[in-house]
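**Q** As given, the protein sequences belong to chains A, B, C, D, E and F, one line each in that order.
Going by the working numbering, the first sequence opens with residue 1001, and the numbers climb by one from there.
Going by the working numbering, the second sequence opens with residue 1001, and the numbers climb by one from there.
Going by the working numbering, the third sequence opens with residue 1001, and the numbers climb by one from there.
Going by the working numbering, the fourth sequence opens with residue 1001, and the numbers climb by one from there.
Going by the working numbering, the fifth sequence opens with residue 1001, and the numbers climb by one from there.
Going by the working numbering, the sixth sequence opens with residue 1001, and the numbers climb by one from there.
Treat the hints with care, as some may be off.
Dumping the calculated DSSO-like pairs for lysine-lysine here, alpha-carbon to alpha-carbon at most 27 Å [claimed, not checked]:
| no. | chain 1 | residue 1 | chain 2 | residue 2 |
| --- | --- | --- | --- | --- |
| 1 | D | K1050 | C | K1015 |
| 2 | A | K1015 | B | K1050 |
| 3 | B | K1227 | B | K1050 |
| 4 | E | K1006 | F | K1050 |
Pair ranges (Cβ atoms, derived) [said to hold, decoys possible]:
| no. | chain 1 | residue 1 | chain 2 | residue 2 | range |
| --- | --- | --- | --- | --- | --- |
| 5 | D | Q1240 | E | G1256 | 47 to 57 Å |
| 6 | B | T1179 | F | R1184 | 30 to 40 Å |
| 7 | A | P1052 | F | E1217 | 21 to 31 Å |
| 8 | E | R1184 | F | G1221 | 42 to 52 Å |
| 9 | E | R1184 | F | P1052 | 22 to 32 Å |
| 10 | B | D1257 | E | G1214 | 49 to 59 Å |
Since the hints were made in silico from the structure, they are not lab data.
Every residue, glycine too, gets a C-beta built ideally from N, C-alpha and C.
Number of protein chains: 6
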Amino acid sequence: MFMHNKELLFPVNVKGPNPAFAAAVLEQFGGANGELKACLQYFAHSFTTKDPVIRDLLLDISTEEISHLEMVGECITQLMGGTDVDPNVMGSGEQTMRQEGATMGNANGYLNQIINQNSTVQKSVYLGGHGPDFIDSSGTPFTGNYINTVGDLMADLQSDLAAELRARKVYEELHRHVTDPGAREMFDFLVQREEAHALLFKEAIERVADMQGGGFEKSFGDKQYSKLYPELSMGGSASQMFRSDDARIITGPFTGDPDTDTFGGASPPMQ
Amino acid sequence: MFMHNKELLFPVNVKGPNPAFAAAVLEQFGGANGELKACLQYFAHSFTTKDPVIRDLLLDISTEEISHLEMVGECITQLMGGTDVDPNVMGSGEQTMRQEGATMGNANGYLNQIINQNSTVQKSVYLGGHGPDFIDSSGTPFTGNYINTVGDLMADLQSDLAAELRARKVYEELHRHVTDPGAREMFDFLVQREEAHALLFKEAIERVADMQGGGFEKSFGDKQYSKLYPELSMGGSASQMFRSDDARIITGPFTGDPDTDTFGGASPPMQ
Amino acid sequence: MFMHNKELLFPVNVKGPNPAFAAAVLEQFGGANGELKACLQYFAHSFTTKDPVIRDLLLDISTEEISHLEMVGECITQLMGGTDVDPNVMGSGEQTMRQEGATMGNANGYLNQIINQNSTVQKSVYLGGHGPDFIDSSGTPFTGNYINTVGDLMADLQSDLAAELRARKVYEELHRHVTDPGAREMFDFLVQREEAHALLFKEAIERVADMQGGGFEKSFGDKQYSKLYPELSMGGSASQMFRSDDARIITGPFTGDPDTDTFGGASPPMQ
Amino acid sequence: MFMHNKELLFPVNVKGPNPAFAAAVLEQFGGANGELKACLQYFAHSFTTKDPVIRDLLLDISTEEISHLEMVGECITQLMGGTDVDPNVMGSGEQTMRQEGATMGNANGYLNQIINQNSTVQKSVYLGGHGPDFIDSSGTPFTGNYINTVGDLMADLQSDLAAELRARKVYEELHRHVTDPGAREMFDFLVQREEAHALLFKEAIERVADMQGGGFEKSFGDKQYSKLYPELSMGGSASQMFRSDDARIITGPFTGDPDTDTFGGASPPMQ
Amino acid sequence: MFMHNKELLFPVNVKGPNPAFAAAVLEQFGGANGELKACLQYFAHSFTTKDPVIRDLLLDISTEEISHLEMVGECITQLMGGTDVDPNVMGSGEQTMRQEGATMGNANGYLNQIINQNSTVQKSVYLGGHGPDFIDSSGTPFTGNYINTVGDLMADLQSDLAAELRARKVYEELHRHVTDPGAREMFDFLVQREEAHALLFKEAIERVADMQGGGFEKSFGDKQYSKLYPELSMGGSASQMFRSDDARIITGPFTGDPDTDTFGGASPPMQ
Amino acid sequence: MFMHNKELLFPVNVKGPNPAFAAAVLEQFGGANGELKACLQYFAHSFTTKDPVIRDLLLDISTEEISHLEMVGECITQLMGGTDVDPNVMGSGEQTMRQEGATMGNANGYLNQIINQNSTVQKSVYLGGHGPDFIDSSGTPFTGNYINTVGDLMADLQSDLAAELRARKVYEELHRHVTDPGAREMFDFLVQREEAHALLFKEAIERVADMQGGGFEKSFGDKQYSKLYPELSMGGSASQMFRSDDARIITGPFTGDPDTDTFGGASPPMQ
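Work the whole structure out from these sequences, hints included.
**A** Below is the structure:
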């Protein structure tokens, strides 16, 4: 079970409203490599993981990711300029920041100026009421398709490692393009945390490889058709670089007859 | 921020594996009225809610919903028959239940029998590794489109109330059709909790109505075009039932001229 | 069966072309709270509604919503600047308004200026040929996922009421941000009609509550687990506000044993 | 504007409940080639069509399609076995047909038997309350992506013609596989109507071709790169069949130099 | 099987970076009428086509379309300004064009300027690393729903013809709005190729019509309900234009009794 | 550019029709870890990869994957029982296998029996005309969301490695559950090829790590917040296992003050 504390995991203090920045940050709220995706992916993996230590690791990190999601949502809300002041008055129009010391000022004017230009700002203002919605930076809804899971521990952990590296890259790009100092402070923290997670998943992969006696690569590549290099795109040199010494190059159709296929590519079948 | 405790909010003890039941229960894991949807909807609303009491309520209930999600996921995993026994052996084939006392027995045979028939079981076995995935009972992925949010407190709370009533109905149907006693015990608990949430949202709506001096209906219906009953589907008597005494019936195009339109329907314009 | 009259339900007279405004208005053509969603939701509910009066009401309102959809589509077409003049010449380039008195003038220049900035305008121009498409303001396609239906009359009507309140809010925001007087006149009319529908659905809910002897809340909350307040997000006071006198506060896992669970929260289990 | 008459365009009298058939028929309610798609596609085209006769044709057929949608929805509702008898009792369980003379009988038993097997039945029962939902036969939600529109009259009408042929094929397959006589009578009627529409769109295409002085093909194919046959898949004879006398065969990269490219394929560049 | 040659089918030489243009061109990479859709649609049709000549034609054109996809992807990459210079340095920041002679220069400055305005640029920069992604111009992901296939040769070929006409229209619009000369040269080439494909599909349709003894229209329209014109949208004259001499006009519900229905519309049933 | 040879990369000889198996195999045609996803992901990565050797590798493997897609499509078509015999006769009903020696026999009877049970078979028969469609085993359409790409070479290659491991697992499950010997022979071949690809991507990752002077892990984890272990899920021992010696454990909110935060978790802030 989960419990919640209204303090954020790490404080978020945006300096001023900027809906276009808010739209960009949505990428990590409801986007393909965002915090919800990460949280749910590790959560899903925890159900099918028998090893108690790795299961614990998955839940530790999943729980941190949902806390990141909350930080990102708070960042977006502040960048949006906050919601209507008075909950009793629908559409009161006036906008202020929830964080002290930062007021929207001409936020409405700013909104009216930007609103014609950035379609995600349009949608966020009309639909989300100036708060975060489960969409990405271009307004595409979050989808369960983002979550990579097949129930094989090694494959799932490799998917988790890759997810962390992608998330880190997106934060790096946000740090490059979103110039609000408060938002950048948050991105900096989150880049570091995704790095921490990537290293933990790497250790978990090594642990599983040890348990399996050498990693997934041990049983790989020792069958007939797994030794051949696919030289199917002409005009490059990857086959020289990556083909192991005993691997043959194949360029055309296999016959399905193992005796013939071991010589695959000897005579290029595609004329 | 969130914290997690590996104890479930309420214990889940499925009596035996049944992948087709598991497929049905996916409806509440990744479906349109499921726990993830509920959790994320109230979470999103919390960012744009200024009233601290209602904001607290939203986060209390959202946190309970993610704990429900975990219960539902555990239920699905048990119904799927559990994952491969040995994390070191990819596809070891043998299946056991994580819960003591319940063994898969002929689960593999069962899987092979059912697998051709229920396409969601097919997908869950191949893709999800016998664990929960963020899809619904027909294999459709979860989507952020399920979440209803416009940033208006009354509209959002009414959406939350409606969400609870729909979720309750789905659990009721699951209770009717999924016969595993352990699963039914869980559905029974969850029906009660959704009822509790529905009542809390109803109180919150009343609180907002009080703050607004009478609810949304107070300011509604006092403008010219909001008084007219749309008699556009012929062959019924709803207009007699629902039309207030001073409301006119309109059946055809408005002219856009208020003086004429107040007599809308006097002469049926559609012949 | 349906019949159509080429007159609009209410006249639409946009004053000048403005593709960015058109993109915004798409929200109510193909968006999550738009007219197509409303029309189809009530239409779907009508099939499973046995009460003839409420069935008639659902069809009356559904039929009005599709007439609203047509108005919104006409508004978008006018704001887009109209289509190619001459159907014989593919891509003739020149643009005029279908409504008399409003000419596109420099619409092409305007289009070329705005086209790089608003991605929904890009898509609408390239894909939709300057007409409405079933997408929302950010270019996301309409989806059946927008439609809330579970086949329980009370739950469905509450969903319909919530849908009207959300639609009303979106029109209010459009009225605030889209400054074309002709479009605003239409929004004003539609806000009033959504209010009328909201009130009608409220009456229908009361009718069903009467038939059920007190509303859904009557049978709610009288079971063991439906009385407890979920105090799971720390740092707020909602439990004081919303907890009824005899309701206990629960903060940690239930045991599943009713005798113990009635004391839920007596000793906080989560440390 | 639209008006509705509670009589169906053509009577629908299903002989007995059969949820699996209902799931199949959903294909034409919310599926890729279904009635909603057809209705919305022609409706969208009507906004950008300047020719008043073709605009009228589009609206005549669109209006018929929404009436088809209603018939298909009624057919599904009857095949589902109808909804709960008593609107006052949520989940009353007993099932009857709305059509006189056809009673569900053991429909609940039937539902419980089929429910584990067909995942769309699962979803329809849990979500849709035994009524139609905007999904296809495999539970995939309807999407605006089904609608083909680019705002060019010839391209749009060709898309409409193709849509009618696809819809006709699906009804033909339903007629082959869904054996309920009442449903088959409806499919037979709808096949005939889609044929009627296909012929009307064919006439409209000829009318536009005449207006354009000979059809889209007139200005086609008279430019340098539009004369060449793409011989890119080896092992067939289509180039002999379809290459016009003066068309060259191209098999490899163009140089971008018109003088050279007219000899494209003279020396096959891909070895 | 497929083989690849790193030379493009037709050279692509964009003159300068312009991310907003890149976002527009994404329409033909991952959009509803783009190259991937065309390639996959004809590829899918080839599996169910028994006629060897038409099967060859489908694969010839499908193979050309994937080569078009590659050109469009290269165009987008060049317009994005290219990727990081040094693959060893994640986020090196500096940008150059892969094509000689065209340098990004102030591309980063340009990116930072445009990035707040066009949400698809935002997403492409953050997610796609300045390369093409399988989304359309508004950031909507590619979907298999774009592919029209029912396994009936005539219906499928008509769908293919319509697809080519739509693709041609989109390239024409891109040619009108994207002013980079290198991109326009590519659009010009692709318009011509889509024309060539449209003509080939037209010939294939004629071939099938010949095989079927006169085209799909031969067996159409000779049944009772396929002769009637649907006069359901009032206020137009299409029925005069398109109704054949012996066709009756129907305006209201059929009785289902053939004798009566042949007189459909004699007495207008909808009042 | 691409070229195609009508010979398959590896021969596919299904022994008998079995539509339910066909539905299962769709997972690798249009599913989340299928061949189209793999092909398009590596293809997308090739555009943003500057290193010519790795770019060549990506295109070699991408080209092999589209050839796999063709094999999988052929396998599905054979399992579906083939299309109508005579392309001139729409819906001729009779079914034969394209592969010699295998005839459908009672395939129609079989189809009618299975058709009510597996909703993906329903959809494939009605929509796809007994051929492959770009959907997965539960009928969900293929989506560009399956493709993981961020334009960072290390992150992208790790995503590619993970994709191969997931694809391998799905083929392993298909091999376990789909018993047709011809299909199993194909799965066996494809498992081996995905292993070959996994090993090649692993080598490519090492090459990039060498170029970067030690892999992504070198620059990771040396910043303040990247050293801390997130002990947020109570009841496990992962922190003992994975926490490096100098890493602190954090359990509660950070202050944002680096001096305080290095002591994170010293006093557990969440009570």
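**Q** Does each hint hold? Answer for all of them.
**A** Hints and how they fare:
no.	hint	result
1	K1050/D / K1015/C	holds, 20 Å
2	K1015/A / K1050/B	holds, 20 Å
3	K1227/B / K1050/B	violated, 32 Å
4	K1006/E / K1050/F	holds, 14 Å
5	Q1240/D / G1256/E: 47 to 57 Å	holds, 52 Å
6	T1179/B / R1184/F: 30 to 40 Å	holds, 35 Å
7	P1052/A / E1217/F: 21 to 31 Å	holds, 25 Å
8	R1184/E / G1221/F: 42 to 52 Å	holds, 49 Å
9	R1184/E / P1052/F: 22 to 32 Å	holds, 29 Å
10	D1257/B / G1214/E: 49 to 59 Å	holds, 56 Å
The structure shown violates just one earlier hint, number 3.
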